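Student: Protein sequence lines correspond, in order, to chains A and B.
FYI, in the numbering used here the residues of the first sequence are 1 to 510.
FYI, in the numbering used here the residues of the second sequence are 1001 to 1330.
Just so you know, these hints were derived from the structure itself, not from any lab.
Just so you know, these numbers come straight off a predicted model, no measurement behind them.
Do not rely on the hints blindly, as some may be mistaken.
What the hints assert, rightly or not - Below, simulated DSSO-like cross-link-like pairs (lysine-lysine); rule was C-alpha separation at most 27 angstroms, straight line:
1) K188(A) / K161(A)
2) K400(A) / K1200(B)
3) K400(A) / K1278(B)
As the list claims (entries may be wrong) - To give an idea of the chain B side of the interface with chain A (calculated C-beta under 10 angstroms), a few residues:
4) D1166
5) A1218
6) S1221
Said to hold, decoys possible - Not close to chain A: a few residues of chain B, all C-beta gaps over 10 angstroms, as computed:
7) A1049
8) M1147
9) F1204
10) R1219
Yeah, the Cβ is synthetic: ideal placement off N, Cα and C, and Gly gets one too.
Take a look at the letters that make up each chain.
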Amino acid sequence: MNQSALRISNIVKSFNGIKALKGLTLNFNKGEIIGLVGSNGAGKSTLLNVIWGAYAPDSGELYIDGERIEKITPTKAQELGISIIFQHRRLMPYMTVAENIFIDNMPKKKGVIDYKKMRTDAKELLDVLNLDIDCNIKVERLSAEEKQLVEIVKAYSKQPKVLLMDEPTTALRQGDVERLFELMNTLKSQGSSVVFISHRLKEVMEICDRISIIRDGGNVSEGEKLDYSPDRIVEEMSGITATDFEHQRDVTDSSFSKASQEVLLSASSLSVDNCQDIEFALHKGEILGFAGLGGSGVENIFEALYGLKTHVDGDIKIDGVDVEIHSPIDAISYGLGFVSEDRQLNGEFLELSVKDNICIPKGQKKRLYSVINRKEETLASKGFIEKLNIKTDSEEQLIKNLSGGNQQKAIIAKWLHLQSKVILMCEPTAGIDVAAKSDVNKLIQQIALEGKGILYTSSYITELMHVSDRIIVVYQGRIIKVFSRAEYDHNKIYLAMNGINEQIGAKHEH
Amino acid sequence: MNTSEKSLTQRNEKIQKNWTQKGLELISSSYLVKLSIACLVLVALLSFASPYFFTLTNFKDILLGTAVIGIISFGMTMVLISDGIDLSVGSVVAYSSVILCVSLNAGLGLPVALFLTVAGAITVGLFNGFFVSVLNINPFIITLGSMSLVRGIAYIIIGGQPKPFDSDIIRFIGSGSLLGIPIPIYALLLVLVVLSYVMKYTQFGRNVYAIGNNQETARLSGINVVKTRILVYCIMGLLAGIAGILLAAQTYAGIPAAGMGYELDALTAVILGGTCLKGGQGRLAGTLLGTLIVALVLNGQNMLGVPYFYQLVSKGIIIIFAMTVAMKRN
């Protein structure tokens, strides 16, 4: 049984001179479920893209069934029996479920597509997995969970020799996770190699036979699951051991802002989507960090506060007054600002100038027919460019010509210009380089010092610890623990994000 | 001494090179400059080809002929910038001419008739805007529907056939002149100036650009996207109504079949003028040039006696050319 299905050795891959993979070596055996674990930025998605043939590695070898493959392409990978479920879904929204499942392998009769066979085959597959999805409806009409399940069925239908799954359970409900596990076991018993990439330690511990841990593009350790505990996994992922405790706290950090007792925004028994009983208070001058794995619901809470969700229950108070927020316009009128996770998608006007990007939200306070005060706007944007050190040759420059970090500063500037009291920041440092990240984070701390309240998320725990004054950990839609700065511990936070919490664990013993 | 002289000439050469380079860059960077040059080249060519072309009367004719379609094209520019489209404009032209005619013939006074006409045209815009922005339905589909719907209503109101009407003031609007310039040209220029000002200097105008650029960002930035988009279609309706009044004033009749294909003529001019189909970008000055180029080509062909069928071919070529250039520029 211990035959290698897929082996990579000494893979090196760099982007612009920065090594994302530094000689990674991994071996996936037939008939085995392997948990591949690493924190964000460890190189998991780069690895998948190398195996899939989307990126050519700088050096290193790849073996399938013990045979060396010189140059792999997506088509070849598929022919060789490799199937990958990527984190971002790749289904065709306007085709039916059946068509999506067989998109690259349509059953044919006399040279034309045999739709009847395709539908019966698709139905059979869905039945095997006990899924209640109509194979004749278009994918766009499915929920996020169902789409993920279709993606899984599609990968399964190819009877892959190696199946790699990147965070497949993020969008799934508990029952569906169990079904996925059944399916993984079926594949395993058929001799396939199944690679489960996940942040969810409980699931990794439950389903995997072996565990491989990677960090910063290199190997850390590899072995039987029985040799691992959640604590060991977290320590090895982060590279921080319990004895390093002092090292990870920077209470003495001069940038540590002193939040006042004045509450700017508070939520109580807030519920939205999968979130329930959310309760917190944000003080003036405080950066309140939110931690949670994908699907935990943190983003739902932020969107609910900004009026982007339709069904929100519970009480939100701003400056002690009950408010109802149904739209961004409401949110802005109560003094909220929003920095989105995906700048280009909904954070900025790429084809407009830095000045317009900074001044548009404030302009909405005026009537539609009123004339823009250009002098005032030029002056204001020049001020922000100087104050926030936004690198641009002029305020009239199109924002798309700025670097990512400077674009993000301009986006933050628009809320400062509007004098928002509270700014919700979802992954404000996503997609910008390391130097710019620290720049943006310094700016955020500066803003807090000036008396704003900030709600902050980051998928990087170290960053979250560095920036926030408190960290609220959300697990499956509930606040599981709140860490004060004195209690900060990278590994404990990560375990809490996984629902593994000392106190809660102790309660459950009885 | 020698060396410094040398460096001086070198510097001079450099400056000269910079000037020519800058000139070339300006030509290659600014689409508007290119369009203006194309316009001038066209005028020069046609002046050589036909002795009747380069005359004041002919230029007046060209401008007069572009008044109706120009006003619609300016509105269409704004609609495209907002990442929308309005295919109902040609029908609204006919429908407003019909309302004007019928109300005048019914004995209503001119102010009332004009009010009804304008109100009717804005109502169509409101209808389009409601579906597009409140119900979030694709503007192409909605305005394709209202194109047919409004045309039908125009026929129903007037009873199938064009009907004449008479009003001194309307007659003056259609064919009178002030300081030697026909009234419709004033209307064209007035719309150009006002709309350019609105688009460039008001909150509304900037919101339209912002929405066309990224509707989701616009919503999260607190822009009232629904209201702004409704307003865009209402203004488009109003402008199509004004164009309809001008057309009725030039023909002294309410014509239910008028304005057929105007939506495509306007789109040709707007796209030739450099407005982006994806929204967020575009300028009325470009549309003015686009309209003029189309008018010059058609007028030149008339001057040279090119048969109508060939004119259709050349119009098609302009559309394809404009589209290809527009796509390549992105």
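Student: Each hint: holds or not?
Tutor: Going through the hints against the structure:
{"no.": "1", "hint": "K188(A) / K161(A)", "verdict": "holds, 9 angstroms"}
{"no.": "2", "hint": "K400(A) / K1200(B)", "verdict": "holds, 20 angstroms"}
{"no.": "3", "hint": "K400(A) / K1278(B)", "verdict": "holds, 17 angstroms"}
{"no.": "4", "hint": "D1166", "verdict": "violated, 37 angstroms"}
{"no.": "5", "hint": "A1218", "verdict": "holds, 8 angstroms"}
{"no.": "6", "hint": "S1221", "verdict": "holds, 5 angstroms"}
{"no.": "7", "hint": "A1049", "verdict": "holds, 40 angstroms"}
{"no.": "8", "hint": "M1147", "verdict": "holds, 26 angstroms"}
{"no.": "9", "hint": "F1204", "verdict": "violated, 4 angstroms"}
{"no.": "10", "hint": "R1219", "verdict": "violated, 6 angstroms"}
When each numbered hint is compared with the structure, violations occur for hints 4, 9 and 10.
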